[in-house]
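J.: Each chain is listed here by its residues.
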Amino acid sequence: GAGVSQSPSNKVTEKGKDVELRCDPISGHTALYWYRQSLGQGLEFLIYFQGNSAPDKSGLPSDRFSAERTGGSVSTLTIQRTQQEDSAVYLCASSKRRLRNTEAFFGQGTRLTVV
Amino acid sequence: AQSVTQLGSHVSVSEGALVLLRCNYSSSVPPYLFWYVQYPNQGLQLLLKYTSAATLVKGINGFEAEFKKSETSFHLTKPSAHMSDAAEYFCAVTTDSNYQLIWGAGTKLIIKP
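Which chain is which? The protein sequence lines are A and B, in order.
Numbering of the first sequence is given in the numbering used here, commencing with residue 1 and proceeding in unit increments.
Numbering of the second sequence is given in the numbering used here, commencing with residue 1001 and proceeding in unit increments.
Treat the hints with care, as some may be off.
[As the list claims (entries may be wrong)] Some chain A residues well away from chain B (every beta-carbon gap over 12 Å; in silico): (1) T13; (2) D56; (3) F65; (4) L91; (5) A93; (6) T102; (7) G107.
[What the hints assert, rightly or not] Taking beta-carbon pairs under 7 Å as the criterion, some of the chain A residues facing chain B (in silico): (8) S38; (9) Q41; (10) G42; (11) F45.
Hints are computed from structural coordinates only; laboratory data are not their basis.
Even for Gly, the Cβ is constructed at its ideal location relative to N, Cα and C.
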């Protein structure tokens, strides 16, 4: 597609429920990132996928968070047993390769509200 | 480890006035520095980036930033603010050894008519 697509754009869920957030990166981009943006905070790195390599999951805040990337393209971030502190905007970005000298393109994010 | 500090969570300037958004970084290895802008209800987009070429970097919409190693700074400026510049601006750093973008907390730019 023309840009990074994320769905849903908004999600309200009850505490304790599981949610799945989807990211469709730009075609041909091998690198995919998930970030979390809490109100008044910077962006918090969650996970990084690069091609067929094992993902870097070092930013995932707890074992309730997981992510996968199927066929090197679409990615799903899953949050199990959601808590109120999970409320944030979840941003996905993709780039052609590593970030050091190339641009990351961001989706518009999924605003997650846990009530 | 790298870190980024953006001074001022909110900056207010009059239309036509100079815009100065401050960013200081910490890195033990040569950094790559970025400014991203987030307009209301939109995703982030790249304004400009420093990748060890020219220290004065020009970006979109009349913005520029200067990399000053001695001051560990990468401040963003624009000579004359426009109402359409109202947005949140994020400074970020990465290095050759780290593919993560380390982000500042952001500065919300408010333009007064």
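J.: Does each hint hold? Answer for all of them.
T.: Comparing the hints with the structure gives:
no., hint, result
1, T13, "holds, 21 Å"
2, D56, "violated, 8 Å"
3, F65, "holds, 16 Å"
4, L91, "violated, 7 Å"
5, A93, "violated, 8 Å"
6, T102, "violated, 9 Å"
7, G107, "violated, 6 Å"
8, S38, "violated, 10 Å"
9, Q41, "holds, 6 Å"
10, G42, "holds, 4 Å"
11, F45, "holds, 5 Å"
Consistency with the previously given hints fails for numbers 2, 4, 5, 6, 7 and 8, ordered from lowest to highest.
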